[in-house]
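**Student:** As you go down the protein sequences, you meet chains A and B in turn. The first sequence begins at 1 in the working numbering and counts up one residue at a time. The second sequence begins at 1 in the working numbering and counts up one residue at a time.
If you're looking for bench data, these hints aren't it; they were derived computationally from the structure. Among the hints, erroneous ones may be present.
Just a sample of chain B residues kept apart from chain A, beta carbon distances all over 12 Å, derived [said to hold, decoys possible]:
1) 31
2) 83
3) 101
Output of the computed footprint for chain A on chain B, the stretches with three or more beta carbons under 8 Å from beta carbons of chain A [said to hold, decoys possible]:
4) 7-16
5) 33-39
6) 63-71
Ideal Cβ placement from N, Cα and C applies to all residues, glycine included.
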Amino acid sequence: MAATREKADGAEGAGGERRPGRGRLVSGPGMLLVWLYGVMVVGAVSRSAVQISTDFDRAPLAYSLSAVAGVVYGFITYSLVRGGESARRAALACCVAELAGVLLVGTWTLVEPSAFPDATVWSDFGMGYLFIPVLLPLSAIRWLRGAGAAETASV
Amino acid sequence: MLDVLTWVTGVAALLLAAWCGWSASRDEPTKDWHFIGMAVVTVLALAQLVVGIVQLARGEKPDQGTTIFVAYLLGALACVPVAGFMSLAERTRWGSVTVAAGGAVLAVLEVRLYDIWGG
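Required output: the full structure, derived from the provided sequences and hints.
**Tutor:** Structure (structure tokens):
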């Protein structure tokens, strides 16, 4: 979480003065998204780091998937903080991939629980995380599409 | 001692979340009073960290492992201040929503801490 904040400061410093609405993705609801994604980064990365380093053989698939989820969350957080059109597109693509991942892994864990001796971040559609993993990409996609529309309108 | 602190911090975090959510619904950014509330919750989390480490030093073992316990204590401590800083950068109702989400996350962390310690 601290790293997220440093990046936020860095992005603002590099961008010079604050230009609202011009490719800035962390204004308004975007700030909430950065916070939630930041929490998920810390959650997924630290969880998989502990599990992989201490007990990898117990559920290699589940722990690897958690690590992948952490990396995806990290990239989306970084893109949101960086802002700009290409970051917006990249984040949008990742959110779609994230949503697909949540749906796939969520279904997979329900259909074939034996493949998962331990839970992943995305098990049962993220039930262990209050369904945030499935709600987050939906809100992020909506926000990023909206940000794109505003950008096109202001040009 | 630790269980009591976990409960108190969790309830305080929920109150903070409700308060900031209410402010957000009135279209207000976080103000001085909100930051005082965040400071109170953060002091509770800090006390929890200190008490937790003292318990560990006394040789007590958390049910689910010392590493996870300490990681959650640190996460609980960082949670609300980080959300508070983000609300400083976002002087709209969305800053309040972010702090409300921070309070909710902290409440979840407290529930997990309770399980990890084995209360």
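**Student:** Could you run down the list of hints and mark each one as holding or not?
**Tutor:** Right, here's what the structure says about each hint:
1. 31: Holds, since 17 Å exceeds 12 Å.
2. 83: 6 Å, violated
3. 101: Answer for residue 101 of chain B: violated, closest chain A Cβ roughly 6 Å.
4. 7-16: Result for this restraint: violated, n = 0.
5. 33-39: violated (count 0)
6. 63-71: Per the Cβ count (3), the hint holds.
In the structure shown, a violation is registered for the earlier hints numbered 2, 3, 4 and 5, in ascending order.
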